[in-house]
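Student: Since the structure of chain A is provided, determine the placement of chains B, C and D on it from the hints.
Residue numbers (my numbering), protein chains in the order written: chain A, 885 to 1327; chain B, 885 to 1327; chain C, 885 to 1327; chain D, 885 to 1327.
In short, the hints are calculated from the structure, not lab data.
Keep in mind that the hints are not guaranteed to be accurate.
Heads up, the list lumps identical chains together, so a pair's fine if it works in one copy or across two of them.
[Unchecked claim] In silico DMTMM-like cross-links for lysine to aspartate or glutamate, where the CA-CA straight-line distance does not exceed 20 Å:
#: 1; residue 1: 1044; residue 2: 973
#: 2; residue 1: 951; residue 2: 1202
#: 3; residue 1: 951; residue 2: 1200
#: 4; residue 1: 951; residue 2: 1206
#: 5; residue 1: 1185; residue 2: 1216
#: 6; residue 1: 1044; residue 2: 994
#: 7; residue 1: 1084; residue 2: 1029
#: 8; residue 1: 951; residue 2: 1319
Please read all numbers here as calculations on a predicted model, not as lab measurements.
4 protein chains.
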Amino acid sequence: MRRNEEARKEGGEKLGVLLVGVGGAVATTFMAGVELIRRGFGRPVGSLSQLGRLALSPDGEDRRSIKELLPLASMEELVFGGWDIFGEDCYEAAVGAGVLSKEHLGLVRDALREVEIFEGVFERRFVSSLEGDHTKEGQYESLFEAASLVREEIRAFKRKSGAGRAVMINCASTEAHIELEEERWGRVHRSVEDFERALKENKSHPAIPPSALYAYAAIEEGVPYANGTPSLGAHSAALKELAEHRGVAISGKDFKSGQTFIKSALAPAIKARMLGMEGWFSTNILGNRDGLVLEAPQNFKSKELTKRSVLDAILEPELYPELYGELYHRVEINYYPPRGDAKEGWDNIDIFGWLGYPMQIKLNFLCRDSILAAPIVLDLALFMDLAQRLSYGGGGVQRWLSFYYKSPMVGEEARERPEHDLFAQLLMLRGALREMAGLSSAG
Amino acid sequence: MRRNEEARKEGGEKLGVLLVGVGGAVATTFMAGVELIRRGFGRPVGSLSQLGRLALSPDGEDRRSIKELLPLASMEELVFGGWDIFGEDCYEAAVGAGVLSKEHLGLVRDALREVEIFEGVFERRFVSSLEGDHTKEGQYESLFEAASLVREEIRAFKRKSGAGRAVMINCASTEAHIELEEERWGRVHRSVEDFERALKENKSHPAIPPSALYAYAAIEEGVPYANGTPSLGAHSAALKELAEHRGVAISGKDFKSGQTFIKSALAPAIKARMLGMEGWFSTNILGNRDGLVLEAPQNFKSKELTKRSVLDAILEPELYPELYGELYHRVEINYYPPRGDAKEGWDNIDIFGWLGYPMQIKLNFLCRDSILAAPIVLDLALFMDLAQRLSYGGGGVQRWLSFYYKSPMVGEEARERPEHDLFAQLLMLRGALREMAGLSSAG
Amino acid sequence: MRRNEEARKEGGEKLGVLLVGVGGAVATTFMAGVELIRRGFGRPVGSLSQLGRLALSPDGEDRRSIKELLPLASMEELVFGGWDIFGEDCYEAAVGAGVLSKEHLGLVRDALREVEIFEGVFERRFVSSLEGDHTKEGQYESLFEAASLVREEIRAFKRKSGAGRAVMINCASTEAHIELEEERWGRVHRSVEDFERALKENKSHPAIPPSALYAYAAIEEGVPYANGTPSLGAHSAALKELAEHRGVAISGKDFKSGQTFIKSALAPAIKARMLGMEGWFSTNILGNRDGLVLEAPQNFKSKELTKRSVLDAILEPELYPELYGELYHRVEINYYPPRGDAKEGWDNIDIFGWLGYPMQIKLNFLCRDSILAAPIVLDLALFMDLAQRLSYGGGGVQRWLSFYYKSPMVGEEARERPEHDLFAQLLMLRGALREMAGLSSAG
Amino acid sequence: MRRNEEARKEGGEKLGVLLVGVGGAVATTFMAGVELIRRGFGRPVGSLSQLGRLALSPDGEDRRSIKELLPLASMEELVFGGWDIFGEDCYEAAVGAGVLSKEHLGLVRDALREVEIFEGVFERRFVSSLEGDHTKEGQYESLFEAASLVREEIRAFKRKSGAGRAVMINCASTEAHIELEEERWGRVHRSVEDFERALKENKSHPAIPPSALYAYAAIEEGVPYANGTPSLGAHSAALKELAEHRGVAISGKDFKSGQTFIKSALAPAIKARMLGMEGWFSTNILGNRDGLVLEAPQNFKSKELTKRSVLDAILEPELYPELYGELYHRVEINYYPPRGDAKEGWDNIDIFGWLGYPMQIKLNFLCRDSILAAPIVLDLALFMDLAQRLSYGGGGVQRWLSFYYKSPMVGEEARERPEHDLFAQLLMLRGALREMAGLSSAG
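Just chain A, same shape as in the assembly (with noise of 0.2 Å):
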């Protein structure tokens, strides 16, 4: 690990946040958010990086806010840009997303309409239900070339703020699923050699979505990447080489920020407690563009993979079958314009105790999915530029954030399983923290 003065020195330049899909939802109430907090006119609730605390002993007493243990880039330091594959500003977008009030969206509209916009790389095949009008089509001849210019478009973003360092964080739309089990689609992620053939070969290819070009891309340039999204990203074996080769810091993915984040809070208790689960049913209302997308069958299965996978890794159906053998866990999302982004769910639960007697647990969470997953891209943008400036762990893989995703990034090679557990996972991002401010391992 780097020393933490070197890294604290660099703290004085900006820090470029670099957004795919930067007029969503997500994008702009994170970014009117970071203004707006700037401003005085709101707090970063959700946020630890902002809020939270550690101890400085180990008995937990005296605890100090986490952004006084680590220098880590503040709120004012950072800097908005990304690609986007409709044309509309940043303000625009956000008043259309109907996430944040006009009388806030008002306080920082210069801002928001400020924000560089590249054009977004879009095939139809991967987001059947968007027609883009802002994109890359008819520019480049190979994939390869599609990655060489939003390689170019990251070196001249920061040339033109000032932003000495960068981190891509991908919160687009779904992308269709793709089967990497197949042979025939796996192959082209099967090492860096193999996917840069295949980027060079192809114009367009079944198994190569945009998220992996804008991932390969910002990789190349050193730029950490975390995906907020089920799409593929870095999640392949090709890419983790790569990041692992240029020890540049990658993490996903998929934003845990409603139903997801609540499931893996109380399966854990539920398992705390020896008590069986027969059942588990999920059900989402959604009316904002997430919610179209995830109507067709081949995004919706993207989401679906990454939420049911929380449910066996916690419970250990394979350790406790008499408990978890016989669970029947079941995921629907449903398109409902009324809700707009105010995203809801409901869950039933059955559960069984003594001598199998069955009880139900019924939850209903009216959530909002950008005011959830905002903070969270902070989080990530900030604690990746940190492990980055830190080569925590040497780059790559960045496991310690688990906390932040539906279906963590763990290393290729290791028999390594993703972990779910809320507070597993909180004590890993804890112990992490601690030992980059130099804390000893428990408090």
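Tutor: What follows is chains B, C and D alone, placed relative to chain A:
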């Protein structure tokens, strides 16, 4: 700590489980369940001592069953007895409670009928809604004599049942709240000397409820005492002092079985993400004897206090005033006969995120009080007995059992604060078990 | 009934709407809404008088708008005034109530500021949680004088505003319950004579709350009186007698806006299918001034009585003892500040079907008290005025308006039972409107 | 209408209840229940014919039991039989369905075992999820022959059981949807002639499901036919024509038992108050055979159509466009095995009030499908038989029974629109019963 070998040797003897309120729903569900499980008609779902596992190595692999790693008494070794203010036999009482099916109860009728029931110590002033018909009324001239009667019964029970060891668990109805902070009441609980003087000088005392008498008798007999109710029990300076002096394990109070159990899992999750909370409204409907007793304001007060403390302790508004400083927490319990023992909780939680935008969580728990409490009785019987045999912590308050309680008992003198976070409690419990099993501290 | 022609002629005059509690959430939401709707900034959703239709022919075809069929006052003709025990102007009060958006209120600020507010008649004994700063205290020597002051204000208001006619609607806080069945209290309400004697002989009387004074004053002035609260108002033998004698329309009491509205729809449905019911548990959380006032047991009692009566009247346990004979009905209201005016109800209903097998319905209503009540104020103002002009039923109790009330007023002498079934009430309402419109009875 | 005297005379004979899907959960729960009730082990809760009352006089007083006022067959006179594609006896089938307790079923085992079960007409194309083992496959060369086999069985059943009269009720699994609007399919249902030609010319036809064959057979035998499922049954121009011609009562379709029953009560309440509605989202989880069959998209389509029509018909968006013009209605059904027959519905309703302010209603119905449907089977058997004996309406479509159906059948030629409002349906039902009982029309 005494050596495991020695402790293991005693394992062959019978362990007496002495239940205060032995004819109540919790106690009969526990005893009937143990009988059914012994005969292969059910599984001890909800019991960590029976189904839980610990990893042998720090990396979390090779997990073995807790039963295998620790010299716990086995379910075959348990024998039951106790006190009740109602005279009906435990089979009749269990049928009346309506928790287990007639089919289940029919299979263990004889075993339930044979459970010895001593007359209960009853004082109207502490439980105004009930009228006992099987009490020690008129058999003693001072509370000290009443305690002596209980002590004789403990000895008689052990003799008759062949139990070399015993534990006492309070499963009786909730008593009226006693304000220990009030000088006039609290005095008698300041020290063993004060307490014993009061016992000798009074035939009845407004600050000495039956639960304290039972606890005193148990400790004097060297019998570990666990308090599953919000009643006073051993929760006083005097009795903690006595327990430490005699080296007797005590723990309490109020089983964390339903709504509070879930609360102690959800609140840490919300805090983990640094989401704010403006309000938490909890209401319960229940129709069993518990519900009837809790209709009386003074008895509800006892319950409310154990139920309310949990949120402040977890959320720490003093450290996070912008997130939890304005929290409004309200707990209601309503007697509602149609539901019987199948208690139902409804919670509404008002949280807020990024920039203060509000969201809501509603949780409806259709639970069964006694089904959730019975395995806790089992775990506490076995773990208290284990701690006693191993002289774990030198006797006195067993803080590591906080996991099971709404209002965990802590030592008197210290600045110790009770831990309410379910996952912190679980770490503490697992840590103690690992220590007793001679395993390394992590894993 | 007077001829429609005549009635229609008077339609050109202004209609004064005099609101008791004119600065409260319901009254200000009503007035602001009328202003906004007049200016085209909103629609009178929830108002049958504005949006409802009646069929011209008995076969249900050719449905015309109620406004077109009946000589109702138009929204343009309404002028507002009233009484309040708080002195702030109606704009400030509306902002404080937090029901309508600042944007909406800003558009009608001036109109709200101009609403005339007379000092309220206030007695602590009936509303212990509030402390009025704008009252008639010290201005009268007897209750009769207090009523005279109110009468003078009514006349002054009409003069000043140019209103040829007026209606009075009680939207004030709920007063403490008065047990009219108790001989000592009920006596004063037995006849007009008794009542007036008590008014003259007392400066304050434990059985004569302010609401009864207002009602008396209105009736004496020939102004129809509607009671939107559970307070006594005109709900006594004395005032019904007076209203009949003077030919003044009266109706009440307690707007059926939220949970009870739904209850009065669901209960008839369950009964229609001859399903049994074992229990109905209703809890409410609300944070506005209403909630605070209802924390006081005597005020809650008033509310509870109007809320509880509905089920027995609908289900008729005396006729269907095997279905409803054992019904346990419980209603709770809880003050919960985080929710503000946005009241929330949670209902659990235990029903049973074929052979007695149990089922459950849970209903969670996230409603807005004043948003539901405001259009009821509008309908009552217009319908009461219409009934008065047409001398419908010869004045006195307007039973056909039961649709709007939790505890519908019926005539004194008769064996008349109040109708609580929402759909029976709707048939009654439509029948009366058809009659006034000169249409055949069905359709 | 024939005279009651005559009708009453026939009352002494036995009434055969012929159930299609006689081994299904609904049919076995119905038959077991009738047996249990006859023997005094339960009550016919949910049955209007058994528990309902009608007022003798128009003022609603002096209410007498429906059973007393009308010459209905008594429960003692019922005899059961039917068809099923599974060969197990009705006791085994009932145990497998898991609706009634083993205790209840044990009491009527013999009666259930004796129920005659004819082989079912089965075609994979209409129910792809099931595989019948007790079918008429290979026993006929044309659909006409298949219908003839059913007719012979009807006659055989009546002979053997001594039933002078019979009714047929379809309780089988939902068949795949047939688009009658499509020219190529609908043709065969245009007239009796077309239909019979198709029966004779085909051994299997994509637009003629088994339910239509059974309906045809029943009508030809003069046996009233009621359709408790969304399948086609008699819901075609051809069979309505035939039923009218033969003077045979028919009604349908799809029992309104759970979520739709509640929807048809809540929607009229919301409309009664002229509250707006923006969205209604309904999801169901159920684990019985019904749930499995409905997983197939074509079968779900049948169900969805009957479930969706209800809102538009009640709310009349064409008349109230500002309130219901933008309504988004979505219905989901999910197979969820843990729940068994105990279907659960969750509804979220987005309504709006005064000035368009939004509110939400959430309804969670923990119901039991067969417990709700069984008394409907009883009512329909008795009411259809009564209508047939009295030649009520001259036979054909019994619109007055709309109360029991999700998708009420109306006459073919008319502009008649189906009535979905539960309370309008109830008025229609009571009106018809009053007419048959010779009572005045109101009351």
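Student: Cα distance capped at 20 Å. Does residue 951 pair with residue 1319 within a copy, between copies, both, or neither?
Tutor: within (15 Å within a copy, 36 Å between copies)
Student: When no copy is named, should residue 951 and residue 1206 be tagged within, between, both, or neither for a Cα gap of at most 20 Å?
Tutor: between (45 Å within a copy, 16 Å between copies)
Student: State whether the alpha carbon distance between residue 1044 and residue 994 is at most 20 Å within one copy, between copies, both, or neither.
Tutor: Within one copy, since 18 Å is at most 20 Å while 50 Å is not.
Student: With identical chains, the pair residue 1084 and residue 1029 could be close in the same copy or across copies; at 20 Å between alpha carbons, which is it: within, between, both, or neither?
Tutor: Within one copy only: 8 Å inside, 67 Å across.
Student: Evaluate residue 1185 and residue 1216 at a C-alpha cut-off of 20 Å and name the case that applies: within, between, both or neither.
Tutor: Cα proximity of residue 1185 and residue 1216: in one copy and across copies (10 Å, 18 Å).
Student: Please work out whether the CA atoms of residue 951 and residue 1200 approach to 20 Å or closer within one copy, between two copies, in both situations, or in neither?
Tutor: Between copies only: 19 Å across, 36 Å inside.
Student: 20 Å Cα cut-off: does residue 951 pair with residue 1202 within a copy, between copies, both or neither?
Tutor: between (41 Å within a copy, 18 Å between copies)
Student: My question is about residue 1044 and residue 973: at a cut-off of 20 Å on alpha-carbon distance, are they close within one copy, between copies, both, or neither?
Tutor: For residue 1044 and residue 973, only the intra-copy Cα distance (18 Å) is at most 20 Å; the inter-copy one is 54 Å.
Of the numbered hints given earlier, the model fails none.
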